[in-house]
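My request is simple: use the sequences and hints to build the entire structure.
From first to last, the protein sequence lines stand for chains G and B.
Be aware that the first sequence starts at 1, since it is given in my numbering, and climbs by one per residue.
Be aware that the second sequence starts at 1, since it is given in my numbering, and climbs by one per residue.
Everything labelled a hint here was simulated from the structure, so no lab data went into it.
A virtual CB, placed ideally from N, CA and C, is assigned to each residue, including glycine.
Hints may contain errors.
[To be verified] Cut-off 25 Å, straight-line C-alpha distance, at most; resulting in silico cross-link-like pairs (BS3-like, lysine-lysine):
1) Lys49(G) x Lys216(B)
2) Lys200(G) x Lys32(G)
3) Lys169(G) x Lys181(G)
4) Lys231(G) x Lys84(G)
5) Lys84(G) x Lys292(G)
6) Lys216(B) x Lys292(G)
[What the hints assert, rightly or not] Label pairs and their computed distance ranges (CB to CB):
7) Gln276(G) x Glu207(B): 48 to 56 Å
8) Ala70(B) x Val287(G): 28 to 36 Å
9) Ala72(B) x Pro165(G): 42 to 50 Å
10) Glu221(B) x Val39(G): 47 to 55 Å
11) Leu50(G) x Thr76(B): 38 to 46 Å
12) Gly97(B) x Pro160(G): 40 to 48 Å
13) Ile34(G) x Glu207(B): 21 to 29 Å
14) Asp89(G) x Ala70(B): 24 to 32 Å
[Claimed, not checked] Stretches of chain G that chain B covers, calculated by requiring three or more beta carbons in the stretch to come under 8 Å of a beta carbon on chain B:
15) 37–46
16) 81–88
The primary structure of each chain is shown beneath.
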Amino acid sequence: MFDTSELVINMGPQHPSTHGVLRVVLRLDGEKVIDAEVVIGYLHRGIEKLSENRNWTQIILLTDRMDYVAAATNNVGYCETVEKLMQIDVPRRAKYVRTILCELQRIASHCLWVGTHAMDIGAMTVFLYAFRERELILDLFEEFCGARLTYNSMRIGGLPLDIPPGWDKKVLAFCDIMDAKIDEYETLLTHNRIWLERTKGVGVISGAEATGLGMCGPALRGSGVARDVRKDEPYAAYDEMEFEVPVGVAGDTYDRYLVRMEEFRQSLRIIRQATQGIPEGPIVGKVPRLIKPAAGETYHAIESPKGELGYFIVSDGKSTNPYRFRVRPPSFCNLQALPRLVRGHLVADVVALIGSIDIVLGEVDR
Amino acid sequence: MADDPQKPPPPPQAADTPESAPSAAPAAPKPAPPPAPKAAAPAAKPAAPSAEHAPKAAAPTGPVEPAPSADAVVPTFITSLQNGVPGAVVQLSLYLGDWTVIVPVSHLLQAAEHLHHAPECVFDYLSDLTATDWPPRPEGRFDVIYMLYSTRHRHRVRVKVKVAEHTPVPSVTGIWPAANWLEREVFDMFGVNFTGHPDRRRILMPEDWQGYPQRKDYPLEGPGELLMESPIDWLKLRQAREEADIE
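So, in structure tokens, the structure goes:
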């Protein structure tokens with residue numbers, strides 16, 4: 001009597017909950033998603049091609065523009081790759097400051113994530129709270145390097161400037177503030193009935209499947225895979241830090257949320273250790289005036305707030321720009337899993353799932 | 001007498017190649033014609049230019065793949081691959097602690113299967129899949145590179161396939177589903193001919209885009225009339241178009 005027909009609806013590229021210019025074409029049966037196609041590329045600026053035509057120092061600035069809510073992490077990843085290629089020893093002081101910056105950046109990025117993710121699902125308050133704390137981190141960054149979003153905060157071989165006097169005290173004071181604030185977010189969400197209904201059992205993915213799909217970072221750890229580049233292939237000063245890698249059990253949106261909430265605390269723990277233990281010494285290693293790595297290629301990965309951020313760089317040893325510059329963008333690989341995650345769920349859950357994998361389109365499209 | 005020539009011949013260590021590579025022509029710019037003169041390194045070696053004036057000799061013909069030194073211990077996942085799939089490893093390379101295995105394209109799927117399943121390997125995580133372009137290389141211009149990681153053994157390996165422009169490369173999406181978008185991107189940017197891919201379309205560039213942007217012979221400024229020597233030419237062109245529109 002009644003005919004069932006599929007409905008194709010378009011979401012984006014201008015849609016408030018896509019966190020940028022993401023377009024998702026949904027095929028619906030009633031309100032249930034049968035399939036989704038992700039269309040990306042609206043923010044493609046050709047950063048890889050551009051980088052092959054810039055010199056090694058100028059690229060640091062371009063890496064800011066990929067994951068623009070975690071620019072310092074991108075800087076660190078790139079600089080460490082070039083240091084590996086040139087076999088430069090970075091002084092311990094620089095490594096410690098890098099660790100602090102990376103972790104502050106992780107907290108800032110997670111603040112933005114928890115705010116927007118909760119707002120997508122309907123909890124408006126968390127957004128205002130989380131942005132309040134993110135502001136404190138941006139102030140710390142402003143004091144360190146003068147910028148609030150695109151920092152250009154790293155140099156090949158070390159740091160551009162030493163930390164300002166008294167900065168470490170302010171970082172520690174921030175840690176004390178943040179401790180209480182995380183509990184505040186959790187009281188708003190963790191046992192909130194609406195939050196549980198919207199996130200539990202939504203977008204369940206097993207550890208093996210997530211690994212196969214190339215998911216990374218908290219999205220992978222939510223499925224119970226204890227994969228963290230900071231532990232597995234330590235960089236900066238992470239080998240001297242004590243911290244735990246939280247993993248989820250169920251692999252749903254709620255577990256991915258819990259993993260990130262615990263990462264807040266672990267980040268604070270790392271920041272405290274690193275800030276209290278900053279060694280004295282130089283901030284830049286022995287770097288030649290003209291940066292020109294010998295011919296060769298290397299891949300180096302770090303753990304950005306979104307997951308494994310890798311750089312694959314080939315130098316031909318002759319010119320002052322890289323021959324090939326490739327970024328392994330964590331958001332791109334996580335977004336690939338979205339069609340798999342949304343299948344069988346409701347349209348409203350698509351919004352929750354886009355938030356749950358925490359993408360930044362600047363990094364997806366580069 | 002016979003002893004004297006003993007010392008000149010240098011031991012043909014592949015690891016020396018960065019130095020022994022032809023160090024001619026001071027960092028000549030890439031073939032792409034740039035409108036503004038590129039800040040080409042202030043002549044690192046001001047000696048050579050007159051002797052060999054090869055215009056495009058500066059374009060490198062391939063990556064440096066130093067062979068492992070004799071005392072390097074070959075990890076078990078590589079020996080396992082060598083034994084499990086005969087003929088899969090044509091060349092081994094170790095640079096800065098990263099192992100690279102060069103595999104012929106005919107053995108790619110078998111090798112990938114082995115690396116994924118064999119108990120010594122268990123490379124269950126495809127970190128990255130990308131390509132590099134070496135246009136003048138005789139054995140094929142592209143390197144397709146697979147960066148593998150094992151979440152169980154926590155080791156890494158790079159697998160490299162050298163292919164010519166139209167050589168079909170079997171898709172590894174059946175082994176690592178993560179390869180889906182990554183192969184699409186390589187196809188989009190380089191035009192590598194992946195076969196057996198479930199959904200081979202462009203991903204970042206528009207669907208009707210002509211050309212492959214990441215190739216070395218693709219101009220940085222993009223194709224077509226925008227590629228002008230000076231901005232004045234571009235303005236003239238735009239003006240001419242506007243006038244044509246008014247008519």
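Hint by hint, here is what the structure shows:
1. A threshold of 25 Å between alpha carbons decides the hint, and for Lys49(G) with Lys216(B) the separation of about 9 Å falls inside it, so the pair holds.
2. Taking the CA atoms of Lys200(G) and Lys32(G), the gap is about 17 Å. The hint holds against a cut of 25 Å.
3. At roughly 19 Å between alpha-carbon atoms, Lys169(G) and Lys181(G) fall within 25 Å of each other, so this suggested pair holds.
4. Note on Lys231(G) and Lys84(G): the hinted pairing holds, with a Cα-Cα distance of about 18 Å set against a maximum of 25 Å.
5. Our distance criterion of 25 Å between C-alpha atoms is met by Lys84(G) and Lys292(G), whose separation comes to about 13 Å.
6. In summary, the hint linking Lys216(B) to Lys292(G) is supported, as the alpha carbons are separated by about 20 Å, within the 25 Å threshold.
7. Taken as a hint, the range 48 to 56 Å holds for the pair Gln276(G) and Glu207(B), whose Cβ atoms sit roughly 54 Å apart.
8. At roughly 32 Å, the beta carbons of Ala70(B) and Val287(G) sit within the given window of 28 to 36 Å.
9. At about 47 Å, the beta-carbon gap between Ala72(B) and Pro165(G) stays in the expected band of 42 to 50 Å.
10. Judged by the Cβ atoms, the range 47 to 55 Å given for Glu221(B) and Val39(G) is violated: they are separated by roughly 26 Å.
11. Remark: the range hint 38 to 46 Å for Leu50(G) to Thr76(B) is upheld by a beta-carbon distance near 41 Å.
12. In this structure the hint that Gly97(B) and Pro160(G) lie 40 to 48 Å apart at CB is violated, the actual value being about 28 Å.
13. For the pair Ile34(G) and Glu207(B), the supplied restraint of 21 to 29 Å holds, since their beta-carbon distance comes to about 23 Å.
14. Between Asp89(G) and Ala70(B) the C-beta distance comes to about 27 Å, which sits within the given range of 24 to 32 Å.
15. Counting residues of the segment 37–46 of chain G whose CB falls under 8 Å from any CB of chain B gives 4; the rule of at least 3 is met.
16. Residues of the segment 81–88 of chain G lying with their CB closer than 8 Å to a CB of chain B number 3, which satisfies the three-residue condition for coverage.
The structure fails to meet hints 10 and 12 from the earlier list, while all remaining hints are met.
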